[in-house]
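Once you've looked at the hints, dock chains B and C against the given chain A.
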Amino acid sequence: MLKAKTLFMASLPLLLMSSPLLANDTLKVGVQAPITGEYANEGQGIDQSVRLLAEQINANGGVMGKQIEVITCDDEGTAMKAAICAKELVNNEVKMVIGSYTSTCAEAAQPTYFKAGVLQTSDGTSDTLTQHGYWTFFRNSFPNSAEATFAADYIVTNKQYKRIAILSDFSSYADGLANEVEGAIKKLGGNIVAREKVKAGSQNFTPVLTQLKSKQPDVIFFAGYYSDGGLIRSQQVALGIKADFIGGDANDNVDFAKLAGTAAAGAYIINVPTPELLPYDLAKDFLAAYQAKYNMMPPSIWTILNVDGMRAFIHAMETNKSFDTKAAADYLHTLKDYPGITGPISFAEDGNRVGSGYMTYEIQADNSYKIVYKQ
Amino acid sequence: MKKKQILLYTAFFLIMALLPLVANSKWLAVGTTFLIFSVVALSQDIVLGKAGMFNMGQALFFGLGAYTTAILNAKFNWPLLATMPLAILVPALFGILLAGPIIHLRGDYLLVTTIGFNIVFVQVLQNNLGGITGGPNGIFGVESLSLPGLADSPQTSAFYLSLIVLLITFVLMHNLEKSKAGRALHYLREDDLAAGAIGINTRVYKIFSFGLGAGMAGMAGTIYANQYSAVSPEAFDFVQSVLFFSIVIVGGSSIPGILLGVFLMFVLPEIFRDFATWRYFIFGIAMIMTMILRPRGLWPASFGNIPKELIRGDQNGR
Amino acid sequence: MDIFLQQLVNGLTIGSMFALIALGYTMVYGVMKLINFAHGDLVAASAFVGLMIYTNVLGGSISLFSVIAVFLLTAVVIAIVGVLLERIAYRPLRSAPRLSAVVSALGASMVIQNGIMLLWGPQMRIFPDLLPQVYWEVGGVIISLIQVIIMLLSFILMTGLYFFIEKTKMGTAIRASSIDQDAARLMGINVDNIIVLIFIIGTSLGAVGGIFVGLYYRGITFNMGWQYGLYAFVAAIMGGIGNIPGAMIGGMLLGLFNAFIAGYVSSTWFYLYSPHCHPYCPTNRYSG
Chain A
1 MLKAKTLFMA
11 SLPLLLMSSP
21 LLANDTLKVG
31 VQAPITGEYA
41 NEGQGIDQSV
51 RLLAEQINAN
61 GGVMGKQIEV
71 ITCDDEGTAM
81 KAAICAKELV
91 NNEVKMVIGS
101 YTSTCAEAAQ
111 PTYFKAGVLQ
121 TSDGTSDTLT
131 QHGYWTFFRN
141 SFPNSAEATF
151 AADYIVTNKQ
161 YKRIAILSDF
171 SSYADGLANE
181 VEGAIKKLGG
191 NIVAREKVKA
201 GSQNFTPVLT
211 QLKSKQPDVI
221 FFAGYYSDGG
231 LIRSQQVALG
241 IKADFIGGDA
251 NDNVDFAKLA
261 GTAAAGAYII
271 NVPTPELLPY
281 DLAKDFLAAY
291 QAKYNMMPPS
301 IWTILNVDGM
311 RAFIHAMETN
321 KSFDTKAAAD
331 YLHTLKDYPG
341 ITGPISFAED
351 GNRVGSGYMT
361 YEIQADNSYK
371 IVYKQ
Chain B
1 MKKKQILLYT
11 AFFLIMALLP
21 LVANSKWLAV
31 GTTFLIFSVV
41 ALSQDIVLGK
51 AGMFNMGQAL
61 FFGLGAYTTA
71 ILNAKFNWPL
81 LATMPLAILV
91 PALFGILLAG
101 PIIHLRGDYL
111 LVTTIGFNIV
121 FVQVLQNNLG
131 GITGGPNGIF
141 GVESLSLPGL
151 ADSPQTSAFY
161 LSLIVLLITF
171 VLMHNLEKSK
181 AGRALHYLRE
191 DDLAAGAIGI
201 NTRVYKIFSF
211 GLGAGMAGMA
221 GTIYANQYSA
231 VSPEAFDFVQ
241 SVLFFSIVIV
251 GGSSIPGILL
261 GVFLMFVLPE
271 IFRDFATWRY
281 FIFGIAMIMT
291 MILRPRGLWP
301 ASFGNIPKEL
311 IRGDQNGR
Chain C
1 MDIFLQQLVN
11 GLTIGSMFAL
21 IALGYTMVYG
31 VMKLINFAHG
41 DLVAASAFVG
51 LMIYTNVLGG
61 SISLFSVIAV
71 FLLTAVVIAI
81 VGVLLERIAY
91 RPLRSAPRLS
101 AVVSALGASM
111 VIQNGIMLLW
121 GPQMRIFPDL
131 LPQVYWEVGG
141 VIISLIQVII
151 MLLSFILMTG
161 LYFFIEKTKM
171 GTAIRASSID
181 QDAARLMGIN
191 VDNIIVLIFI
201 IGTSLGAVGG
211 IFVGLYYRGI
221 TFNMGWQYGL
231 YAFVAAIMGG
241 IGNIPGAMIG
251 GMLLGLFNAF
261 IAGYVSSTWF
271 YLYSPHCHPY
281 CPTNRYSG
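Residue numbers (the working numbering), protein chains in the order written: chain A, 1 to 375; chain B, 1 to 318; chain C, 1 to 288.
So here's chain A without its partners, still in its complex pose:
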């Protein structure tokens, strides 16, 4: 008994110390993404594309002679795991972190990266992400407010819907987007008949939808993620609610149509261009490389936006000829029109990406996208 006890006590620190001491001659890049969980598809896309980019850069001699080492932490799409990941990546001495996919996870991790001086880039569109004054954070997508203006314009001015219903889940991104859209619609004089919330991942949305049905909306705007959006669309059609469905940007994922089944056709999604629609040569090359390596297309535009964030970071370090993150951030804050896969990259003083190009897609019967409205 005593032996076993002593053995256990003695082995604990030994095990703890047995961490391999890695030589510090690589540039460590962290990926914080939902590799598992509801948004696994997006997280794996981010991880795969960052690894692809690192491979391409390493094949060309790395960054100023240093090879890139990618360290991935799975945040499972939950805030708590994101906070834990942030600690872990900082402890692993990464210089930059790509991710996460959801605004909530990016926001939960932000303070830790800021305190450690680690650069972070995320596709999170929640406006609050850039309102904390963290110099370490750069948004590689466009904020909710930009999307809301576009969506409201489309809903009120273009389609002239008379009875608008807005749905969201409880997350900071979705709730934030829904509120922005609500505000923008009201500003244009639109008539909002319902504003409801659903619980992400709860699968059964019929009670809320049945309730909506009585308000007779002619359009349902859903700010939330594809894993719920697809089901909501399918259940909406099943309940015979004859309203149009407009999904916010996070519904843009190949799984949306799979979940919605036959109901997918006719649904609208608002987002920046999908990967296939990007006109740039850089985009075509990268997508071809992605297709060759993983034998699939990236799950959505978000994957590519994150790659652009990482490209900008590396560009900044190479221009400065230094791995110093503060210097890189100072450079990035004035970055203008650096050629990106998703178009020219410019950052504002608060870390927001400048410019936007939202579009409305209609999902066709064969699940392809057709552009129906452009800014």
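A couple of the hints might just be wrong.
To be verified - No farther apart than 25 Å at their CA atoms in a straight line, the calculated lysine-lysine pairs in the PhoX-like style are these: (1) A:K321 / A:K28; (2) B:K26 / A:K326; (3) B:K3 / B:K178; (4) A:K374 / A:K162; (5) B:K3 / A:K66; (6) A:K284 / A:K187; (7) B:K26 / A:K28; (8) A:K186 / A:K162; (9) A:K66 / A:K326; (10) A:K115 / B:K26; (11) A:K284 / A:K336; (12) A:K336 / A:K321; (13) A:K159 / A:K115; (14) B:K75 / A:K115; (15) A:K374 / A:K284.
No lab work stands behind these hints: they were computed from the structure. This structure is a prediction, so every number in the text was calculated from the model and none was measured.
Positioned in the frame of chain A, the structure of chains B and C alone reads:
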């Protein structure tokens, strides 16, 4: 406490105290996690192992403590350590209030009820009650404490703070075992009818154990909020409660057994990265195997000095 | 009014699923006095097994035959898993303290849930549309073919089970074992066999419930078992755990409760009241 035990615990704390000298911050973070979850598992042991009540909602009290600290620190700018007394008191009070009406339930029914409490708690957090829990996102930006002289390494501070909290927990557990209350709980666990018959106020002691366990879990909540600078509802889901419950039973409701359980569950997956995806699978098998092969747990607790020949069969808590 | 009726239909649909799953809990508890925490995960597993049988065994063809085959084969596979589960994780603990069996059940739940994850991956999988998407409108209420089949099949299975339990010799043996195992043994009932029988019935009903979940919601994840397990578990408790008709009624009530509370109270606050496991369910207060 036997001399041997004192020696072992001293050695344990000495080794842990020296850990920051050799381990880098990554491993210190793992060590801190180990310490935090050890405290929670030990607090669960008071209700489940010591008093024999099937409480499967310990994460509620852990979360309550963590949220108290996070709200006071991040929203009202209290210094982190100043939040600790409230982070102990609030869960303890809740423990007493919740335990009051349900304490007469036995076995599976208490288990179901406490799961229910835990789920309602998480739902309340997600609904952003009173606009202060931050909804499903939780609360970010809790201050990282830096102890005097350790300003440059917040991880070392967090580690020592957790170690101190674990030490307090050990002292509490030890004193409890030696006290009147500890003996009362022990009788309760063995047979609460008989305990009542010999004059123990079972209701008071049951509520007492809930309150004490909740307060200790709340204390762990403070160091948890400090370690991760964030709290969010899913970290205090009832699945976490299930883990603590299992750790206590598999460990055999003794301090070394529980520490071993926490080590297996939370530290081993950090050491063997590939093991991480397999951990629940393996832990599940281990739970079944342990219960079949050692129904009293890996490291069964002993109480007092009962001569061996007087112990009949297994006397695991019913 | 048609909203009321619509919620009624929706509530009865999910209520049927809850009831089917709840039967597994309640039957096992009735005889073994054990909360089979692994039951919910077996339900999740059956959705995945159904998906695998459809794509790998039947080659992804949709016909009446393949629909029936998916249901039957999945029920058989899950029943075998259920019997193995009982043999490995529960039988050795039959005479052990209650707590040991509870922990063993929790362990089994973890093993099954993570087994699904290791086998099929952590992502959401899409369950195929085995049944055509047909809808009818009856007096303002929309009803889909899937809903009709879920309600009809559940009703048939539950009535069948009710008569089996009440009217047959084996059913009598099951009832006898749940009242007093020792006395049942004295009457010449092989309680071990009864327990195996109960696991076969309970898990195959759960398997049907799991396929319903896949058919109705389309997206299936490895950890969804907890959600359905909990609902069904509450349904079993509402009906008085161990009571078979009670579990059926409990499931229906919970389904209706779910639909109506969210239908008439703003959805934002519904989740606070969602009765996953309401602590003051009538039957769990005084027994035990």
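| request: Would you pick out the hints that fail for this structure and give their numbers low to high? | output: As far as the earlier hints go, 5, 6 and 13 are violated by this structure, in ascending order.
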